[in-house]
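J.: The primary structure of each chain is shown beneath.
There are 2 protein chains.
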Amino acid sequence: MNQKSDPIGIFDSGVGGLSVLREIYKQLPYENTVYFADHMHFPYSEKPAELIKEYVLDIINFLINNKTKIIIIACNVATSIALKNTRNIYKIPIIGVIEPGAKSAVKVTKNKSIGVLGGKKVEEVYRKVHKSLDSDIKTFGYPCPDFAKFVEQGLSDPKEIQETAYSYLKNIKEKDIDTLIFGCTHYPFLKDFVKEVVGPNIKLVDPSQETVESAREILKKHGLLNEKIQKEAAHIFFISGNKPDFKFVAEKLLNEKVDKVVQNIQL
Amino acid sequence: MNQKSDPIGIFDSGVGGLSVLREIYKQLPYENTVYFADHMHFPYSEKPAELIKEYVLDIINFLINNKTKIIIIACNVATSIALKNTRNIYKIPIIGVIEPGAKSAVKVTKNKSIGVLGGKKVEEVYRKVHKSLDSDIKTFGYPCPDFAKFVEQGLSDPKEIQETAYSYLKNIKEKDIDTLIFGCTHYPFLKDFVKEVVGPNIKLVDPSQETVESAREILKKHGLLNEKIQKEAAHIFFISGNKPDFKFVAEKLLNEKVDKVVQNIQL
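Which chain is which? The protein sequence lines are A and B, in order.
Counting from 1, one number per residue, gives the positions in the first sequence under the working numbering.
Counting from 1, one number per residue, gives the positions in the second sequence under the working numbering.
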C-alpha cells in the first residue's frame with residue numbers, strides 16, 4: 001500500500017512532460033517525483049498505436065516498481081492511445097492530460113471555437129471530449145510537426161523556432177478561434193514564440209495546470225497528498241536510451257537544478 | 001472488458017505449469033488458453049526476488065495484451081514472491097498455486113503432518129498458509145533441486161530420475177508425514193518416481209486440481225466461464241528465449257497435440 005511520501009510518477013516520450021512536472025513543483029512543492037523520459041522511442045507520434053500501448057505498460061510497471069502513488073501520462077499521444085486501456089488494467093490512479101486540457105479550454109472560450117496545436121489523432125480526441133462537455137464547441141487542429149524537436153534540442157535556435165511557428169500558424173485567424181490548447185506537453189515551452197504569432201486575443205491553454213489540480217484532488221481523496229514539509233522533495237529522472245544533454249535541457253526548461261538523472265534504463 | 005471466449009492466461013518459468021494446463025484441459029475443456037514459458041529465465045529458484053517480480057509483471061502485461069480474462073501463476077516460486085504484489089497492481093483476477101495446494105493438503109492430512117517437495121522459500125510460504133488454515137499443522141520441507149530439470153528434459157533418463165528421487169526422499173518416513181505436496185508445478189510429472197520411493201501410505205497432493213477449481217469459481221462469479229461447446233478450444237504457447245524441444249516435451253507431458261508454439265518472445 002502506498003504512503004504519502006511515495007513519489008508521483010510522470011512520463012513522456014521526452015522532455016515535454018517537464019511542463020507538467022514544472023506545474024507539480026509549483027502546485028505540490030512537497031511531493032517527491034519520478035520522471036521517465038522514453039527517449040529511446042521519441043517521438044511517439046510516428047509510432048503505431050499497438051507499440052505505444054506496450055511502451056506505456058512497460059513504463060507504468062517501472063513506475064509502480066518505484067513505488068509511485070499516482071501516475072500522470074504527461075503526453076497527449078500516449079493519453080489518446082493508452083489511457084483507457086491502462087485504467088482497465090491497473091488499480092493505481094492514472095491520469096492523462098487531454099481531459100484536463102479540454103476542461104480548461106471549455107472554461108476559457110467565449111465564442112466556443114477552440115484550436116488545438118497537435119496532430120490529427122490528438123485533435124480528434126480533443127474534439128470528442130469538447131463535444132462531451134459542450135456540444136456547441138467547434139475544434140480546429142493545427143499540426144506543428146517540428147515543435148517537439150525544438151524543445152528536445154533545448155530551444156537552441158530561437159530564430160528558426162520563430163520562423164517555423166510563423167509558417168505553421170500564420171493562417172490561424174481564419175477560423176476565429178479565441179482559445180488555443182497546447183496539444184503536446186512540449187509546446188508550453190514555446191509559449192512566447194506562439195504568442196508572438198497568434199497575438200494577444202487568443203488565449204493559450206496549457207493542460208498541465210488542470211492536470212496537476214486533478215492529481216491533487218485524487219491524492220487528497222485517497223489520503224495520499226503530501227502536505228508535510230520535508231527538508232527537500234526528491235526528484236529523480238530516468239531515461240530510456242541515452243540523451244546526453246538531458247540534464248542541460250531539463251534545467252533550462254524547468255529553470256531548476258536537476259541532480260538525479262539515470263540514463264540507459266532498459267524496460 | 002473481457003468476454004467468455006477470451007483465453008485463460010497461465011505461466012511458469014518452464015514446462016512445469018503444464019501440470020496446471022493439463023488440469024484446465026480436464027476440468028474446463030471449452031476454455032481457450034495462452035501459456036507462457038519464461039524459458040529465458042529458467043529456473044526462477046536461483047534468481048533474486050526483485051528480478052522475479054519484474055519478470056512476472058512483464059509476463060502479466062504480455063498476457064493481458066493477449067486478452068486473457070484471468071491469470072494463473074503456475075509456479076510456486078513466482079507465487080510465493082509475486083502473487084501479493086501483482087494483486088495490488090492489477091484489476092484482472094490473478095491466482096497462484098500455493099493457497100490451493102495448501103488447502104488440498106490440509107483437507108487430505110489425517111495426522112496433521114505435511115511434507116512439501118520444494119525449496120526453502122516455498123516451504124516457508126506453505127507453512128504459513130497451513131498455520132492460517134489449521135494452527136496444529138506441522139510442515140516439513142524436502143528440497144529436490146534437480147527434479148525440474150528432469151521434467152524440462154522430457155523425462156529422458158528414467159533411471160537417473162529414479163535414483164535421484166531415492167537420494168532426495170529416502171529419509172522421508174522419519175517425520176511420519178501422511179501427505180506430500182508437489183511444491184513445484186514440474187513435480188506432478190514425476191509422480192510415479194516419487195510414489196515408488198515414498199510408498200502407498202503418503203498421499204501425494206498436486207495443487208493444480210484445486211487451483212483450477214478456484215479459477216472456475218472466479219470465472220463463474222464474473223460471468224466469464226466458457227461453457228459453450230466450440231469446434232475446438234484454442235491453445236497457444238509462447239516461449240521467451242528458445243527451447244527447440246518445447247513442442248516435443250510439452251506433447252509428452254500433456255499427452256496432447258501442441259500446435260501453436262511461438263518461440264523467442266521478447267518482453
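I should point out that these hints are in silico values taken from the structure, not numbers from a laboratory.
Just so it is clear, the structure is predicted and the values come from calculations on it, not from any experiment.
We treat Cβ as the ideally placed atom computed from N, Cα and C, and that holds for glycine.
Take the hints with a grain of salt, since some may be wrong.
Restricting the straight-line Cα-Cα distance to at most 16 angstroms, the calculated cross-link-like pairs of lysine to aspartate or glutamate (EDC-like) are [claimed, not checked]:
#1 B:K67 / A:E54
#2 A:K67 / B:E54
#3 A:K84 / A:E54
#4 B:K67 / A:D136
#5 B:K53 / A:E50
#6 A:K67 / B:E50
#7 B:K107 / B:D178
#8 A:K53 / B:D58
Covered stretches of chain B (in silico footprint by chain A; criterion: 3 or more residues with CB under 8 angstroms from a CB of chain A, positions within the stretch not fixed) [as the list claims (entries may be wrong)]:
#9 88-100
#10 167-174
#11 182-191
J.: Determine for every hint whether it applies to the structure shown.
T.: Hint check:
A threshold of 16 angstroms between alpha carbons decides the hint, and for K67 of chain B with E54 of chain A the separation of about 13 angstroms falls inside it, so the pair holds. Among the hinted pairs, K67 of chain A with E54 of chain B is consistent with the structure: their alpha-carbon atoms are about 13 angstroms apart, no more than 16 angstroms. Annotation: proposed proximity of K84 of chain A to E54 of chain A holds, straight-line Cα distance about 13 angstroms (limit 16 angstroms). Proximity of K67 of chain B to D136 of chain A is assessed by CA-CA distance (about 38 angstroms); at most 16 angstroms being required, the pair is judged violated.
For the proposed pair K53 of chain B and E50 of chain A, the alpha carbon gap of about 24 angstroms is over 16 angstroms, so the pair is violated. Straight-line distance between C-alpha atoms of K67 of chain A and E50 of chain B comes to about 13 angstroms, which keeps the hinted pair within the 16 angstroms bound. Under the criterion of a C-alpha separation no larger than 16 angstroms, the hint pairing K107 of chain B with D178 of chain B is consistent with the structure, at around 12 angstroms. Note on K53 of chain A and D58 of chain B: the hinted pairing holds, with a Cα-Cα distance of about 13 angstroms set against a maximum of 16 angstroms.
Here the region 88-100 of chain B counts 5 residues with a CB under 8 angstroms from a CB of chain A, which clears the bar of 3, and the coverage holds. Using a Cβ-Cβ cut-off of 8 angstroms, 0 residues of the region 167-174 of chain B lie near chain A, which falls short of the minimum of three, so the contact claim is violated. With a cut-off of 8 angstroms between beta carbons, the region 182-191 of chain B has 0 residues touching chain A; three or more are needed, and the interface restraint is violated.
This entry does not satisfy hints 4, 5, 10 and 11, going by the numbered hints stated previously.
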